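Novice: Residue numbers (this note's numbering), protein chains in the order written: chain A, 1 to 320; chain B, 1 to 267.
No wet-lab data here; the hints were simulated from the structure. Model, not experiment: these values are computed from the prediction. Using N, Cα and C, we set each Cβ at its ideal position, and we do this for glycine too. Hints are supplied without guarantee of correctness; some may be wrong.
Listed next, the in silico EDC-like pairs over lysine to aspartate or glutamate satisfying Cα-Cα at most 16 Å (straight line) [to be verified]:
#1 B:K104 <-> B:E157
#2 A:K74 <-> A:E133
#3 B:K99 <-> A:E197
#4 B:K87 <-> A:E129
#5 A:K74 <-> A:E129
#6 B:K104 <-> A:E129
#7 B:K99 <-> A:D196
#8 B:K104 <-> A:E133
If you anchor each label on the Cβ, the simulated ranges turn out as follows [to be verified]:
#9 A:P3 <-> B:V29: 52 to 60 Å
#10 B:A198 <-> A:V10: 46 to 54 Å
#11 A:L97 <-> B:F128: 17 to 25 Å
#12 A:L298 <-> B:Q20: 53 to 61 Å
#13 B:F128 <-> A:R148: 26 to 34 Å
#14 A:G79 <-> B:K104: 30 to 38 Å
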Amino acid sequence: MAPRWPWILVAVAVIALLPHLLGTPYWRGILVICAMNVMLALSLNLILGYTGQLNLGQSGFFAVGAYVTTVLVKSFGWGFWPAALAAVAAAGTLGLLLALFAVRLRGHYLAIASLGFAVITYQVLVNWESMTEGVRGIYAIRPPPPIRIDGLVDISFSSPMMLFYLVAGIALLVYLALDNVVRSPIGETLRAIREDEVSAASLGIDAARWKAFAFGLGAAVAGLAGCFYPSFVGTLVPGAFNIVESFTMLAMVIVGGLGTMIGPVIGAVVLTFLPELLRGVGELRLLVYGLALTLVVLFMPGGLVQAWQLLRARFAGGRP
Amino acid sequence: MSGNLASASLAAGPALLQAQGLHKSFGGVRAVQDISLAVPAGAIFAVIGPNGAGKSTLLNLLSGTYQPNAGTLAFAGRGLVGMPAHKRVRLGIARTFQKIRLFKQLTLLENVLAGFHIHHDVPAWQYFLPAGAFWRDFRRCREEARALLDFVGLADEAQKRAGALPYGRQRMLEIARAMATRPKLLMLDEPAAGLNAAEVALLLDRLQQIRARGITVIVVEHNMDLVMNVADRVFVMDHGEYLFEGAPREVQANPRVIAAYLGGEFA
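Using the sequences and the hints, build the whole thing.
Specialist: Below, the structure is given as structure tokens:
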């Protein structure tokens with residue numbers, strides 16, 4: 001396979017430059033959100049794009065990551081990083097359990113069950129006030145603690161720029177790890193399940209087990225994205241994890257290109273920035289998502305990645 | 001023919017797969033009734049019968065796609081009833097499908113690579129961060145996959161999408177994919193259906209090579225030329241029931257078999 005390191009260098013350079021190109025705190029904040037959305041789109045793509053499970057509950061795992069981290073830090077006095085680790089484990093475990101429960105469900109039925117999970121999670125956040133403060137919300141959440149090694153390193157995450165570097169760096173590591181997974185025999189197995197489960201079973205593949213693996217891993221990555229959300233915003237309210245968020249993640253994956261690694265990244269970037277650029281026109285965000293999703297599903301089911309491939313093929317074919 | 005010589009010695013050999021009194025009904029339809037058979041190790045064992053005789057259902061029972069309503073099933077002495085299909089593959093049972101079930105969106109190479117699922121020997125962390133064992137496995141699987149594609153005459157098309165292949169070649173690809181599981185028993189459901197004469201000739205040759213590798217073959221087939229040329233034993237079903245079993249020559253001469261195929265008045 002083609003070497004990846006030139007692309008990794010490009011990605012690192014882009015990440016390093018972006019906060020300097022978009023210099024205001026507002027736009028740097030959008031960059032942080034964008035990096036989180038990239039992770040969320042990657043996580044959903046593993047479940048939906050590679051394994052073919054229509055999961056509409058991803059906002060629930062995002063919420064678990066955010067709330068478990070924050071509650072452990074604020075109410076139980078944990079450090080940020082152990083709390084984040086616990087939150088990722090919690091989201092991943094819930095994903096596994098949901099997958100094992102839903103193992104006989106496919107298509108619409110899995111979609112409904114996973115949507116139900118997101119609704120239940122949202123209701124728990126609203127109603128379990130002794131733990132989550134309900135709709136009143138949790139305030140004054142601090143950013144991740146600075147990383148200090150005496151005389152060598154002193155990195156504080158209190159500015160949006162440094163927080164962006166942290167979240168984007170982790171998003172890049174997540175991308176590389178998932179890219180390795182989908183290129184490995186595990187990726188072959190997941191795609192085989194997506195294509196035909198009976199046929200996969202005839203090759204010794206235990207579809208239930210591997211679907212649960214993908215679901216659990218995807219949920220854990222969504223939980224990881226969630227860890228950083230509250231420390232960026234500073235407050236945490238259940239409304240941020242409304243089930244509509246599951247559909248925005250779905251839109252990012254499908255608009256970008258289902259079942260490719262780079263597609264969801266592009267989808268997340270486009271659908272984070274496009275609504276911001278159109279902000280003057282009013283509450284257009286959901287309209288943008290809805291319209292983009294409809295157009296892609298109707299005219300370009302492979303998403304922006306497919307559009308790019310078609311353009312490139314036409315360009316290459318047009319040359320003498 | 002060499003096939004018949006082989007059958008004489010093989011028939012006395014130990015059975016690799018043994019079924020006793022298998023039953024399978026769907027609603028009120030009895031698709032398989034009281035089928036008992038013993039497949040000798042190293043043989044090509046053909047299952048024939050008119051349309052609707054229950055051959056594919058029988059194969060689905062043997063592979064674990066269906067579970068029987070009654071009866072016992074043993075592979076190399078191990079009970080199979082209740083064992084799901086994916087676990088039987090680990091014992092060495094592989095199959096192809098009558099209605100082709102390739103991974104159509106994946107390339108030929110990827111289809112065969114998926115067949116190595118139970119044979120990867122890589123520490124779990126290396127799937128996330130590839131290192132030595134991963135790359136050894138990676139190269140070994142690709143070499144082996146290419147050899148299998150070569151075996152079925154598809155080496156030049158490794159990067160094509162499986163769905164883009166002509167029908168006959170899709171059948172050969174399914175055989176290569178099943179072979180990737182390194183089976184002891186390979187079950188083929190109508191492998192010659194839709195094949196042209198040249199493709200049937202290739203299939204016949206490859207079936208003999210597969211047997212020569214020590215793999216036992218069960219083949220459900222309508223193509224009588226193929227069955228008579230390659231099979232060591234032939235098992236005949238009609239209306240879900242046992243009709244006859246014997247060497248190809250005995251089957252051809254049996255009046256009940258002829259009657260089943262041509263209708264009662266010839267009996």
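Novice: A separate judgement is required for each hint: does it hold in the structure or not?
Specialist: The hints, checked one at a time:
1. B:K104 <-> B:E157: holds (14 Å)
2. A:K74 <-> A:E133: holds (12 Å)
3. B:K99 <-> A:E197: holds (14 Å)
4. B:K87 <-> A:E129: violated (47 Å)
5. A:K74 <-> A:E129: At roughly 14 Å apart (the allowed maximum being 16 Å), E129 (chain A) and K74 (chain A) satisfy the hint.
6. B:K104 <-> A:E129: Violated - the C-alpha atoms of E129 (chain A) and K104 (chain B) are around 51 Å apart, more than 16 Å.
7. B:K99 <-> A:D196: holds (12 Å)
8. B:K104 <-> A:E133: At roughly 51 Å apart (the allowed maximum being 16 Å), E133 (chain A) and K104 (chain B) break the hint.
9. A:P3 <-> B:V29: 52 to 60 Å: holds (58 Å)
10. B:A198 <-> A:V10: 46 to 54 Å: Between A198 (chain B) and V10 (chain A), where Cβ atoms are some 50 Å apart, the hint holds.
11. A:L97 <-> B:F128: 17 to 25 Å: holds (22 Å)
12. A:L298 <-> B:Q20: 53 to 61 Å: The hint (53 to 61 Å, Cβ to Cβ) holds, given that L298 (chain A) and Q20 (chain B) are roughly 56 Å apart.
13. B:F128 <-> A:R148: 26 to 34 Å: The hint (26 to 34 Å, Cβ to Cβ) holds, given that F128 (chain B) and R148 (chain A) are roughly 29 Å apart.
14. A:G79 <-> B:K104: 30 to 38 Å: violated (50 Å)
Hints 4, 6, 8 and 14, counting from the list given before, are not met by this structure.
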